[in-house]
Amino acid sequence: MDFLYGLIDKLEAASHLTKEEWVQLIENRDSQLSGYLFQKARKWQRRYFSNRIYARGLIEFTNYCKNDCYYCGIRRSNQDAARYRLTEDEIMECCHIGYGLGFRTFVLQGGEDGWFTQEKLEGIVRSIKASYPDCAITLSIGERTLESYQRLFQAGADRYLLRHETADTAHYGRLHPPGLSSDKRKQCLWDLKGIGFQTGTGFMVGSPGQTPSHLAEDMLFIRELEPHMVGIGPFIPHHDTPFANEPQGTVELTLFMIGLLRLMLPKLLLPATTALGTIDPNGREKGIQAGANVVMPNLSPASVRKKYELYDNKICTGDEAAECRMCLSRRIGRIGYELAVDRGDYPADAP
1 MDFLYGLIDK LEAASHLTKE EWVQLIENRD SQLSGYLFQK ARKWQRRYFS NRIYARGLIE
61 FTNYCKNDCY YCGIRRSNQD AARYRLTEDE IMECCHIGYG LGFRTFVLQG GEDGWFTQEK
121 LEGIVRSIKA SYPDCAITLS IGERTLESYQ RLFQAGADRY LLRHETADTA HYGRLHPPGL
181 SSDKRKQCLW DLKGIGFQTG TGFMVGSPGQ TPSHLAEDML FIRELEPHMV GIGPFIPHHD
241 TPFANEPQGT VELTLFMIGL LRLMLPKLLL PATTALGTID PNGREKGIQA GANVVMPNLS
301 PASVRKKYEL YDNKICTGDE AAECRMCLSR RIGRIGYELA VDRGDYPADA P
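Our numbering applies: residue 1 is where the sequence shown begins, and numbers increase by one.
Warning: the hint list may mix true and false statements.
What the hints assert, rightly or not - Lysine-lysine pairs mimicking DSS-like chemistry, simulated, CA-CA at most 27 Å apart:
| # | residue 1 | residue 2 |
| --- | --- | --- |
| 1 | K19 | K267 |
| 2 | K66 | K184 |
| 3 | K120 | K193 |
Stated by the list, open to error - Label pairs and their calculated CB-CB ranges:
| # | residue 1 | residue 2 | range |
| --- | --- | --- | --- |
| 4 | Q118 | Y5 | 47 to 57 Å |
| 5 | R46 | E226 | 16 to 26 Å |
| 6 | G194 | A302 | 36 to 46 Å |
| 7 | T250 | L180 | 25 to 35 Å |
Keep in mind that the hints were calculated from the coordinates and are not lab data.
Note that the Cβ used here is the ideal one computed from N, Cα and C, for glycine as well.
Build the full structure now, drawing on both the sequences and the hints.
What follows is the structure, encoded as structure tokens:
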């Protein structure tokens, strides 16, 4: 066991771990090792972010998607999904409500929906930026061309989230239909970073067929990419997908991976995800105590939140935005943190 503690110390010292070392850490973890890791993760979390947890206003503006990913509830083949698209006016109303609640980052997330053309997306970004120039805009709308990303950046988008889901090519093929490739998704991430976006990636924990070797590959890829944000959460099956009967991921392993990410890249913007809160009533608080420093309350109209169902039993599908934000603020306060109201940019120049 001393060897495993040594690996955590090595990681904290900014040394790169080999794939074999990652596998050993992940395979042989226990509660004591996790406690040691989380203590160190919190130290670096506090160094760069004090006790502040950044709140992002999430706007899920379309649940149409051209893709057919085997794990996703809004996949193209799901005929039972209740589809919707928000209008630009509805999106702007979400931002208006969110701005009044103190949000200074808006996250526009949706399926890969061709109805929202390049011109429409650029127009929405420009409208938000014109109305709320002190706010950051994050997009999470999937794989696009280099030119598309460049134009969205020029329109005023600041950040882009595109989870790679798994860095292992064969495992990626198990989770996605033919036509989607791990190499293409990774190239999109390199393109986004090259353009100048604050770039975010991430992966599911406990997805079907996942091994410690796959998780090691994820960590090696993230170490190479050096993104500004990483979003991870436990795999949760959806009843209308091919993975409906697969076991879900665990809180325990998800928290361990959050701690490792904080230690590997200490300045990361690292969400305590809704999925974590879905499988554990205190999941988001536990995520913060493991090193996370971002939460994303939902600003979407309450009438559509249940329809954006990537997985079963998603939390916060009924609360009004104000209720959800106040509830989160109280819960975070109880564990010694505070909900921050600024943009919460990546601390690029911090030593």
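Evaluated hints:
no.: 1; hint: K19 <-> K267; verdict: holds (22 Å)
no.: 2; hint: K66 <-> K184; verdict: holds (16 Å)
no.: 3; hint: K120 <-> K193; verdict: holds (23 Å)
no.: 4; hint: Q118 <-> Y5: 47 to 57 Å; verdict: holds (51 Å)
no.: 5; hint: R46 <-> E226: 16 to 26 Å; verdict: holds (22 Å)
no.: 6; hint: G194 <-> A302: 36 to 46 Å; verdict: holds (38 Å)
no.: 7; hint: T250 <-> L180: 25 to 35 Å; verdict: holds (26 Å)
Checked against the numbered hints given earlier, the structure satisfies every one of them.
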